[in-house]
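Chain A is already provided as a structure; the job is to place chain B on it using the hints.
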Amino acid sequence: MLTPVPHEFAIGGVYLPPMLIAAFVGILAALVTTRLLNRYRLTKFFFYPPLVSLALMIIYTVLIGTFVIGA
Amino acid sequence: MLSRKMKESIKVALAMTIAYGISLSQDWDRPYWAGFAVAFVSLASIGQSMNKAALRMFGTLMAMVVALTFIALFAQERWAFILTLSVYAGFCCYMMSGSKHAYFWQVSCFVVLVICFDAGPDPVNAFDTAMLRAQQTGLGILVYSLVAIFLWPSRSISAFNAAATELACTQNQFYQACLGLAHGQGDVPEVRRLSALGVQAKTNFDQLLDAAEIDSSDVWELRRPWRRYQQQQIKLMQALERWRESLAEVEALHLRRLLPNLETFGVEIDGRLAQVAQMLDDHAPQRVPQSQELSFDKAALRSLPHFHRATVVVARSNMQQLEQLTRALFETVSELKGFGTTTVTVDPPPRLPAALFLPDLDRLANVIRYMAIIWMSWLGLIYINDLPGGAGLVSFAGSMGIAIANMPQLSVSKLVAPAAGSVLFAGILYIFLMPTLSSFIGLGLMIFAATFAITYLYSEPQQMLGRALGLAMFVTIASISNQQSYNFLSVANTAMMFPLIFLVYATTAYLPWSPRPERRFVRLLGRFFRSSEYLMSTMRWDPAHRTTRLERWKQAFHAREVATLPTKLASWAPHLDNWALSSTPMEQVQTLMTSLQLLSYRMERLLGEREKLQAPFLVEQLLEDMRAWRIGIQVSFQRLAQSPAAGEQEVLRERLDRTLDALEARIQEVVDNIPDAHYSERDAESFYRLLGAYRAVSTALVDYVGNAATIDWAPWQQERFV
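First to last, the sequence lines map onto chains A and B. As numbered in numbering that gives the first Met the number 0, residues 0 to 70 make up the first sequence, in order. As numbered in numbering that gives the first Met the number 0, residues 0 to 721 make up the second sequence, in order.
Hints listed in this document are in silico derivations from the structure and should not be mistaken for laboratory results. Predicted, not measured: the structure shown is a model, and the values here were computed from it. Keep in mind that the hints are not guaranteed to be accurate.
With a straight-line cut-off of 25 Å between C-alpha atoms, the simulated DMTMM-like cross-links for lysine to aspartate or glutamate are [to be verified]:
1) A/K43 - B/D217
2) B/K336 - B/D280
3) B/K611 - B/D541
4) B/K336 - B/E262
5) A/K43 - B/D711
6) A/K43 - B/E718
FRET-style restraints, in silico, Cβ to Cβ [as the list claims (entries may be wrong)]:
7) A/F45 - B/G525: 20 to 26 Å
8) B/P542 - A/F45: 53 to 59 Å
9) B/V415 - A/G11: 38 to 44 Å
10) B/Q75 - A/L35: 48 to 54 Å
11) A/L62 - B/T563: 25 to 31 Å
12) A/Y14 - B/L444: 33 to 39 Å
Quick reminder that beta carbons are idealized off the backbone N, C-alpha and C, glycines included.
Isolated chain A (complex conformation) (with noise of 0.2 Å):
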């Protein structure tokens, strides 16, 4: 079982809501999955790309915010 690491960051005296962050690392991490997939030309399994990629942006971001922030 993974430990949350903090529940909200503070930078410089501003604390932020640990959904953004989720939301930040959830995003950066769906660009570098499609960006990856278009690379090797995998898209052409996808029926609506666009769609795929809004779903891996919500799956990163609920994984990361759960598992790893622990919002």
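For chain B alone, coordinates are given in the frame of chain A:
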């Protein structure tokens, strides 16, 4: 000695500082609206800035009236309010991309949004808000105008005169290069390069004419002849392009033998164009145009096959048109520069029948996307609590969105870095520097320095986006006012608003079609061939058929599509990326574009020839053969509309050769067996032109199919992430 770039940056920075100073000293609310006006009207010369300033002011005044009307009518009806507002915004978006006064429509649209979302929740003060917007915009424009007039004034007249001379010289060089082709000594890449240079020179001339009319009384007094000159230049450029494309067909024929005075004719036209450039450079012409008639060597012409005769007739007709246009151009420039002995009398333009409204599908697509941007941000504002930016989100999304919707080629991802950089820069000033300032001297210096830095760093025309975003972010985030307060949340909220706005832009990019350049490209190609197919289907010979109003409208719509789609495709071609071009070099796409443009010109010519009356006897005799030919072309277009790589060049070429041989024999048979009394020389010429136009379309189609076959279309059809 200060550079031009530095002088311009100092002027903008000074105007911005003074505008803020006046607004704050008068205790007017929202001085940043004056800052916006300064930031967006500043251009390279006084005339260009005045022109843009006038459009901004009139747009703002119109927006005031419209916004107050909407608020008065629908103060308590939010759905009716947003519906009316979005329809108006859509209308402005449509008008923006096709109007000469694009900036007027842009301002008129986003100022309505700003006033409505600012004053909508507070309708009691709506009038004050609208007036304040107009007042601050007027202040910004006035201050920038005065600074531009008194400090290092930069008038457009010298640049305009240089642009007019450059345009005339480029056209002369283009003509000479085309004449070289006609004599069989031309250099095709050089001709293409000069053609592109001509378009650039014309665009530059058009922009500077607008500006010079405002900041030069000489140009203003002669504005009518200058506008006439501008129209004549457009016609001359079109005629030169048509002549150029017809040269490929006559390459194999001995034009000098068929048109004995071709050389004298060529020298005369060349001389006229050179004299025009010389007069524009304020030198008197050395000679006046001499009358020139290009006559055929009839015996040599009769010795040619019928299709070759048709080609020569078309080439001669194009050159005769050049003769008329260059004569008119010479006379206009003589009048402009005071070298004419007599005043040119210009016939009033013919009264044209009321033009049909022809919707542009691409502009409508932009409207759909723009209305979706407004609705998505509006629904977000209503149904999501505490959305960053609040009502400002809708006006911000709408203000930038109208420009973005009209540039579908621009990827939203390209906006992220300039926007993030601008927010960071403005945020640092706001958080760390502004709280330390205690008087207008310090504040004024900061405004000056920040504006100077942004305009200096982003001074090139291709950096306009960065400059606009930088200045807009600085003015918005700094939120300078007499009751200044500092709150980290306002920077954080603005920073958070942008990802949301970009998300809206990225999502709506799929409306109504995929934003992938290769998909758009193939879609436009399909539209081109569908329209071509329709136009071919209207060319059937049926004298008893009376064309209905709807048929005329459809024909005009498809003719416009065929004429404009190659240019639209050319605007998408540079955005094709490595995905589509993985196994196809860009040069092949360029070649494809050239062959498509040729096909478009030739379709236009065929339509023009088809409109003209033909001798009924000739038509009756050749009706079946021409119909078979027309249907053959129509079927090819139909296949290409479904797939851009349909058809095989060799098969098409063979079929075309067979058709031409059969028709040649058939025409000979008809001509041999009918007495001359059945048709006049003019009938024969008219028929040859039609024949030449059909042949030209067929050969251009064969060329296109050959070029399309060299492109690997498979990656263009595959799915991918943008």
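Violating hint indices (sorted, rising): Of the numbered hints given earlier, those the structure breaks are 1, 4, 9, 11, listed in rising order.
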